[in-house]
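**Student:** Residue strings, one per chain:
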Amino acid sequence: MAVRVQREDFDAGAEIAALTAATPRIGAVVSFIGLVRDLHVREGYHRDAVQAMTLEHWPGVTEKALADIEAEAHRRWTLDASLIIHRYGRLEPGDRIVLVLTASPHRDAAFDACRFLIDWLKTKAPFWKMEETPTGDKWVEAHADDDVAARKWENG
Amino acid sequence: MAVRVQREDFDAGAEIAALTAATPRIGAVVSFIGLVRDLHVREGYHRDAVQAMTLEHWPGVTEKALADIEAEAHRRWTLDASLIIHRYGRLEPGDRIVLVLTASPHRDAAFDACRFLIDWLKTKAPFWKMEETPTGDKWVEAHADDDVAARKWENG
Amino acid sequence: MKVKYFAWLRQKTGVAEEDVAPPDDVRTVQNLVDWLAQRSPKHAAAFGEAKVFGAAVDQQVVQLDAPIAGAREIAFFPPFTGG
Amino acid sequence: MKVKYFAWLRQKTGVAEEDVAPPDDVRTVQNLVDWLAQRSPKHAAAFGEAKVFGAAVDQQVVQLDAPIAGAREIAFFPPFTGG
Chain A
10 MAVRVQREDF DAGAEIAALT AATPRIGAVV SFIGLVRDLH VREGYHRDAV
60 QAMTLEHWPG VTEKALADIE AEAHRRWTLD ASLIIHRYGR LEPGDRIVLV
110 LTASPHRDAA FDACRFLIDW LKTKAPFWKM EETPTGDKWV EAHADDDVAA
160 RKWENG
Chain B
10 MAVRVQREDF DAGAEIAALT AATPRIGAVV SFIGLVRDLH VREGYHRDAV
60 QAMTLEHWPG VTEKALADIE AEAHRRWTLD ASLIIHRYGR LEPGDRIVLV
110 LTASPHRDAA FDACRFLIDW LKTKAPFWKM EETPTGDKWV EAHADDDVAA
160 RKWENG
Chain C
10 MKVKYFAWLR QKTGVAEEDV APPDDVRTVQ NLVDWLAQRS PKHAAAFGEA
60 KVFGAAVDQQ VVQLDAPIAG AREIAFFPPF TGG
Chain D
10 MKVKYFAWLR QKTGVAEEDV APPDDVRTVQ NLVDWLAQRS PKHAAAFGEA
60 KVFGAAVDQQ VVQLDAPIAG AREIAFFPPF TGG
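Residue numbers (my numbering), protein chains in the order written: chain A, 10 to 165; chain B, 10 to 165; chain C, 10 to 92; chain D, 10 to 92.
Just so you know, these hints were derived from the structure itself, not from any lab. One should not assume that every hint holds.
What the hints assert, rightly or not - One-sided and incomplete, this derived list gives chain A residues near chain B with beta-carbon spacing under 7 Å:
1) D20
2) A21
3) G22
4) I25
5) P33
6) I35
7) G36
8) V38
9) V39
10) S40
11) F41
12) L44
13) P102
14) F120
Even glycine gets a Cβ: it sits at the ideal position worked out from N, Cα and C.
Based on the sequences and whatever the hints tell you, model everything.
**Tutor:** In structure tokens, the structure reads:
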């Protein structure tokens with residue numbers, strides 16, 4: 010179990026290898042990587058080209074929120090290991106934003122926990138995105154989809 | 010879309026980076042990695058230590074089966090890219106067996122397609138595992154769980 | 010009492026953090042919002058936005074009717090959009 | 010007609026692949042299994058196992074009652090256990 014909030018990029022392959030090293034009972038590793046897209050779809054149809062994005066967060070509180078979410082995943086599923094890395098600062102299209110790794114003896118737990126972590130992270134960790142677009146800077150608004158995704162785990 | 014059946018190990022980080030390079034509309038990448046476990050649980054309670062495993066396959070037919078499964082995933086979900094790498098030959102605990110990568114604009118499609126691919130692959134691609142255990146070599150039998158997992162996608 | 014602003018609330022108020030000493034009749038987060046909105050035109054503009062924002066008292070997310078008695082730090086922020 | 014064996018079927022028969030010329034009354038995959046089982050004690054042991062196995066005619070997975078007329082290749086294998 011580990012959480013890192015950092016400006017730097019990450020190497021998913023190295024993180025996966027480190028997570029599984031010396032734990033031979035792990036049978037399944039699931040990873041989610043979120044990337045900066047070059048297009049932001051607002052309201053389902055209005056599209057903005059995104060030239061760059063700046064991620065702001067709440068130092069100290071962010072790490073605690075992520076650790077709480079991770080602990081909740083370990084409470085709900087039998088996991089051998091997990092890792093959350095979330096970047097902040099200015100990022101460009103194609104740049105990696107977030108890595109969520111889960112490892113378990115069998116794949117169901119790893120898949121469910123990984124999806125839970127990214128769903129909850131989006132609505133429960135203090136990050137804010139500002140996008141640079143041809144028509145000016147725009148703060149990203151919360152997605153109703155993300156609220157729905159997060160809510161489906163409420164009764165776990 | 011690509012399928013590789015190989016004796017060699019793979020670098021998940023490099024494969025993810027290659028998959029997402031030059032496709033800035035990708036917002037989500039999900040990966041599944043299956044590893045050789047040091048313990049095989051049979052019938053839910055009988056446990057064998059696994060010293061090594063040899064994966065046999067059906068050259069030519071395996072690649073076609075994997076490509077068919079991958080095409081089915083692209084038919085069911087909006088994916089920007091995908092990759093399946095499956096190893097054969099002798100592998101030891103902790104070694105990587107299989108990599109499934111899916112990339113999509115939004116995470117739901119990538120998660121669902123990745124899970125579908127590994128579920129179907131387990132029951133529809135001609136691979137066979139023989140485990141070396143302290144009590145001799147044992148061919149792994151099909152898991153009822155895997156059949157159930159595969160069957161839940163039948164009506165997609 | 011320290012007040013923190015994040016994202017567009019920080020941009021619009023023009024401050025990331027400020028020390029304030031509201032009068033005794035400012036008892037809830039909503040009271041504080043109303044009181045802060047009178048501090049400057051920028052504060053008024055920030056809180057006057059029809060946009061949704063959240064608040065935390067001593068780093069715990071709360072509703073706007075939560076009491077602020079004894080709080081050391083109140084934070085205001087838009088809905089989270091990480092991941 | 011070529012016959013292929015995989016995994017424990019290959020181990021028990023002792024062959025990965027063999028050419029056979031079954032008589033005309035061997036019309037289905039099951040007929041072929043019964044006929045092959047008489048080829049040697051090893052074949053008998055392989056097919057006599059109470060274990061489940063599958064078959065493919067010209068690389069298409071089929072049921073045991075499938076016809077084999079005109080087939081170039083019949084394969085026998087245990088349930089798949091990849092991934």
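**Student:** Hints first: check each against the structure and report whether it holds.
**Tutor:** Hint check results:
| no. | hint | in the structure |
| --- | --- | --- |
| 1 | D20 | holds (5 Å) |
| 2 | A21 | holds (5 Å) |
| 3 | G22 | holds (2 Å) |
| 4 | I25 | holds (5 Å) |
| 5 | P33 | holds (4 Å) |
| 6 | I35 | holds (6 Å) |
| 7 | G36 | holds (4 Å) |
| 8 | V38 | holds (4 Å) |
| 9 | V39 | holds (6 Å) |
| 10 | S40 | holds (5 Å) |
| 11 | F41 | holds (6 Å) |
| 12 | L44 | holds (6 Å) |
| 13 | P102 | holds (4 Å) |
| 14 | F120 | holds (5 Å) |
In this structure, none of the earlier numbered hints is contradicted; all agree with it.
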